[in-house]
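With the hints as constraints, model all of the structure from the sequences given.
Chains as they are written, first to last, in our numbering: chain F, 44 to 146; chain Y, 765 to 1475; chain P, 3 to 528; chain G, 13 to 183.
What the hints contain is simulated information worked out from the structure, not anything from laboratory work. Some hints could be false.
Derived DEER-like restraints, expressed as beta-carbon distance ranges [unchecked claim]:
hint, chain 1, residue 1, chain 2, residue 2, range
1, P, Ile171, Y, Val1424, 27 to 33 Å
2, Y, Asp1374, P, Pro294, 30 to 36 Å
3, P, Arg56, Y, Leu771, 28 to 34 Å
Examples of chain F residues toward chain Y, derived with CB under 8 Å [stated by the list, open to error]:
hint, residue
4, Val66
5, Met82
6, Glu118
7, Ala138
These numbers were taken from a predicted model, which means no experiment stands behind them. In this text, a Cβ means the ideal position worked out from N, Cα and C, and glycines have one as well.
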Amino acid sequence: MNIPLSWYLILAASLFCIGLYGVLSRRNAIAILLGVELMLNAVNINLVAFWRYLDPAQMGGQVFAIIVFAVAAAEVAVGLALIISVYRSRKSVVADDIDLMKW
Amino acid sequence: MIWLLPLPPLLAFFLIVLVTNKKKALSHTLGVGAAALSWLGSMIVFVRALGVEHFGEHAFESVVDWLPTGETALQIGVRIDPLGAAVLFFVAWTILMIFLYSVGYQNFGQPAGDHDVKGLPPHGATVTDNMGKKHTVMSIEPMYSRFFAFLGLFACGMYTLVVSNNLLTLFVGWEIMGLCSYLLIGFWYGKKSARDAAVKAFMTTRIGDVFMLLGIAFLYSATGSLSFEVIFAEGTLHALATTPAFFGFSAAGFIGLLIFIGVVGKSAQWPLHVWLPDAMEGPTPVSAMIHAATMVSAGVYAVLRMFPLITADFSGHGLTMTMSIIAFIGSFTAIFAATIAVAQNDIKRVLAYSTVSQLGFMIAALGIGAYVAAAFHLITHAFFKALLFLGSGSVIHGMEHGALHTGEHVDPQDLFNMGGLRKKMPVTFWTFLIGGLALSGFPVLTAGFWSKDEILADAFGHGHWVVFITLAVAAFLTAFYTMRQITLAFFGEPRTRAAAHAQETPWTMTLPLVVLATFAIGYGWTGIPEHFPILGGLIPNWFHEFVGGTLAVHPEVLEFSIWPLLASIGVALGGLSFGWLAYRKVRTPRQDRLQIPVLKNKWYFDEAYDFLFVRPAAWIAEQFSYLFMDRTIIDGILHGIARGALFLGGVFRNYIDKPVINEFFGDGTGNLVKRAGAGLRKIQVGRLQYYMLASLIVLVAFAVLYYLLLA
Amino acid sequence: MEFLNSHLLTLILFFPVLAALVLLFLPGEAVKLIRWTALIASLVSLGLSIFLWRQFDPAAAGFQFEETYTWYAAINSTFHIGVDGLSLTMVLLTAILTPIAILASFNISERVKAYMMLFLFLETGMLGVFLALDLLIFFVFWEVGLVPMYFLINQWGSEKGERTLWKGIKVQARNYASLKFMIYTMAGSLGLLLAIQMLGVLFQTFDLLVLYQRWTSLSDGTLLGLPVATVKAVAFWAFVIAFAVKVPVWPFHTWLPDAHTEAPTAGSMILAGVLLKLGAYGFLRLVLPLYPAEAQRFAGALAFLAVMAIIFGAFASYGQKDFKRLVAYSSVNHMGFVLLGIAAAAKVGVAGTDAALNLSRNIALNGAVLQMFNHGLSAAGMFFLVGVLYERTHTRNLDDYGGLFPLVPVYGGILIFTSMASLGLPGLNGFVSEFLVVRGSWPILTVYTALAMLGLLFTGAYILKGIKQVLHGPLNEHWAHGEHRLAEIKAREIIVMVPLMVLILVLGIWPGWLLEVINKAMLMLF
Amino acid sequence: MTASQIVFLLSAALIIGSALMVVTTRKLVHAALWLVAALFGVAILYGLLEAGFLAVVQVVVYIGAIAILFIFAVMLTRKEMRDTGPQTRRSWPLAALLGLLVLAGLVFLVLDMPDVARTAVEIPAEVDTVGALGQALVSPEAYALPFEVASVLLLAALIGAVYIASGQKKE
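As structure tokens, this is what we get:
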């Protein structure tokens, strides 16, 4: 195991930024959620890497990774449900079109 | 016993008002019965009083505590002394006669009127006799029961006044009679004139009454009691006579004057005489008689009662200020009223002014200290004036009968509508003649002669020349107008068809006339002076002895002098014959030389008072007190304060609250926020990624800043 | 029985409120039930008051039936109540008039429940003032009485009538009157409240019995940086103005004709019958005992105001065209006599050495208190009779009446009787008290008393004017036929008048039973 | 260059490449599939980090459930959202710039970290990481509460998703 920690971290940072770019630039709401998934995975990589590199006896990193899974699952479920619901009523999944709540 | 005297009439009053109002016969039975009871009681008291030696010192008296006043109490009670007994005698008789007379006068037994309404005199009823012929006859008074109730209350007041042992209950009786006179004058309240006369009577007498009330208050505070016995104790009187009061009067004189003003009102003396003639607007001679012949006597009675007080600082010669005033008012009224009486055509008005004049005699007599003479004249006058009033009532009643019978619309009270009644109404004529002669002072035979002569003799004997001459002239005028009245009414030929069909009145009316006529003659004999030629000494001068005993110092018997006697005989006979000669042939008012406007209009006193007092009072009341002072000034000040408050509120609102607080702070902040919001809301585009971009830019910017500045 | 004896005053005081609470839970449509409940409740109060009267020992010194409860401990105010002869007389008057007024208002048909409840509250307010022996309690009840009366005038007052203010602004008369009544009384009592606070701060108590001792004995030194005499004089006037507005004394009287005229009949009865007495009671209970020296000093001014009230009250009354307003102004006139008596007593003061003057002072006080009672009876009666007429004719203008006597003989008789009591006819109650006041004031305030006679004269004038315009004279045909036909007074209305008339007559003939109590109380007051 | 380093670099390349494709490809179905690839790469990294359990969960849950869910959603909505036309917003250069800036900042932070180039120590043989993880998740002293909260969150999400997507509300 001679991979330096910084590799993981830089990889996670890159993944995070790619996800961020996706969230900011895509028009399709589902694509935005895809970006979010990427960002969550980037975070998970960090959590697991720190667990492994700092103190494998402390299970906090892994536990939080699992909780992130749960949150991601919940987020996707609800998010997609919302999108489908909106789609049904407005026939659109473009995030910019969903602006009912602006002033 | 004495306590009970005023009660039967009072009970009758309440019973009639509350229970028997609808039952006419029962009501008058109650009324007359109550009067008879009181009469009986009075006679018993009177007879028992006669049986007491030196009654003046052993008067009947009984008292109770009435009001607690601090540590002490105000006592009231009853007292019959010689004066009281003498007055009680005539009061009981006249009141009983009035009750009896009223039954006939108010047409008891006659049918109810066709169109009679309460509050107006009866207009007559149509009856159909056996032959099917229609007649108009007199109708019964619609408020028959009420009349007896009022009479009862009146009798109660009069008895209360007479039996009082103190000024307070005397005043109570006095005022109750005032109320009754108001009610009786306004008995036919539907007539505007009667209504106004009632108010006038009450108000005029009330002017006197408030002064009297002050006098009573003064007396009470000065002596601590109102009981005659306490007040007239020698020590008290002396103290009162030596205490100076106001305007140079002694306390006794000032109190006497205050009470005398009350008497001026009640006894209709100048200048408060105006109500009495108007009181003849009252429905009947009966009620007129009540307050003219009986009630006004109460005034003189009050002065008689207060005589010791009034004369407390009188040394025997040189009248005190109070006495001078009394003497002046009395004698002035006597002649003043007599001048008016000669020009009146209403049979009742003549008598009314005659009453004023005669009361003036008594007041004048008291003013010069002639106590017994005044008392004597009071009683004889009460009898013969009652007789005259009842007689005139009988005349009017007869005339009304004639007027209804013939259907002629004439004033049954106008002397110039009468004439020749002596044949139609013989009893009325003879009794009226006796009364008239007594009023004129027809020598020797009549009671009026003895009493009037005594007053004149007193004035002469004590050298009050002005009083003597004035009264003598007044006596002449009295004889004159009396004869004028008798001549116009009873002699000659009937002037109208109504007079020709006049009819004698029923026995309930003539009986009282006869009884009173007896007294009008006989009572004089009780007071024939001892030194009178021939007659003097035949009958003892009982009256002088008895009534004089009321005073602590028995009044001395006057030296006999022929001059006043001649004078009084002269004026009486002269007046009578002059009146007969002047009016023997007079048929119409035009032929009457004495219809002078100034006399006919009573020296314009009504008009003057109206101008001087009534209207200013109304103006002060309506315009000044209410509209000006209360509504304009006081309410104006209040409204001013309110307006000030409103103004202040307006200032706060318009110049502070609205511009500063509301607009500047309130609306200003609001507007600012609103404008800012309006500006800022443009960046709220509602697009998710836009927000994320923006927040990220800020985050990055902060991170860069953080790094550059802090790291 | 034991409980009754020891809590009698509390019972009397709060029974009406209790009854009002019961009324609250009755259905609003059960008008009859509500009326009778209210009437019976007030009759119970009357019964208790009569019981109190029987139990009361006039000869005993000081206050009786005293009760003290903790109330506002933080400022040392206790709920202290008790009666002496003066309070007792006034309690009796209140207890007599309230059922009569409630019976008189049986013709009220709108919002009966609220009306009756307000009336019962009003009774408690009035009784509280008469019973209070603690200044703060006194003030509380003083103000409590205002509120129900305000609403009675404002809500149940006569609907017609406008009052023109400045610049032609018109307001409804009853709104104007109620507001004037409320604001005037409140404004008047502001000074009273301040003065009471000052006393409370000064002595750490509001208890009247303590203050009687300590406040009067305070004579030299300074208070609040001012000489004691000055402070006392100012406080004296603060008290006086509060009570003067209520009495009302000229020139603070103009609320009275408005309020009386616009109030519903029963409201006027209570207003004239009891509420005005609160002011006079204040004079007797607070002003004279607390400020003997100042009262003596300013007695002349008080007498002047009293005489002005007597004279101008009478004149203004005479100048009225409105029957009710005429009666209203008569209250100013009559209450002037009460104040005259009080002024006379004040002039002599406590420490009078002249026995004759002391006697006069006591007579004047007796007269003043009796006049309070008497005026309560006759004014209530007069207002009720005016109300009876108004209810039938819907006009109060004297010119609209005329010659009504034949139509309503019984009513006419009662009206004349009551008017005569108001006029002060001897043999009826008004005379006794007026005589006593005149007698008591004469040696003390001679000139003022003499001037007051002018008012007495015009008392006659306005009373006769009223009778003359209403009953006498040619019949106004308008009331004689058809739908306007004037109906005779009803049995209920006669029942209202009977107790008043009986008392008027009894007090006129035998006032001793009442004066005995008053007299003893007045002797103890000084 | 050790074997593990090579494995790391290869999977990193896979991850970065797939991720780039996720955010750039025009076709959403492809994007979802590229996501699967990226997630698979991450699973390899978990394995490399000796977190076997997580690697399995990554494959089962992420790829097996979440990614498939995406594909379903895409398919349900694709009728409207043609794969024609621009798939990116007009401000995508700004997004790219921001992404690069954040990346720069993160890299800078990572390189700034002390001892960032350290390597992992061996996990002692007696340590059972999977067992320890299980212990930690259910032990009251450790992470029982967050775990339970997460499960409640999942339940809520489940119900919420059903409710929102059911579309039974008929007004």
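Structure-based check of each hint:
{"no.": "1", "hint": "P:Ile171 to Y:Val1424: 27 to 33 Å", "in the structure": "holds (28 Å)"}
{"no.": "2", "hint": "Y:Asp1374 to P:Pro294: 30 to 36 Å", "in the structure": "violated (49 Å)"}
{"no.": "3", "hint": "P:Arg56 to Y:Leu771: 28 to 34 Å", "in the structure": "holds (30 Å)"}
{"no.": "4", "hint": "Val66", "in the structure": "holds (7 Å)"}
{"no.": "5", "hint": "Met82", "in the structure": "violated (12 Å)"}
{"no.": "6", "hint": "Glu118", "in the structure": "violated (14 Å)"}
{"no.": "7", "hint": "Ala138", "in the structure": "holds (5 Å)"}
Checked against the numbered hints given earlier, this structure breaks hints 2, 5 and 6; the rest are met.
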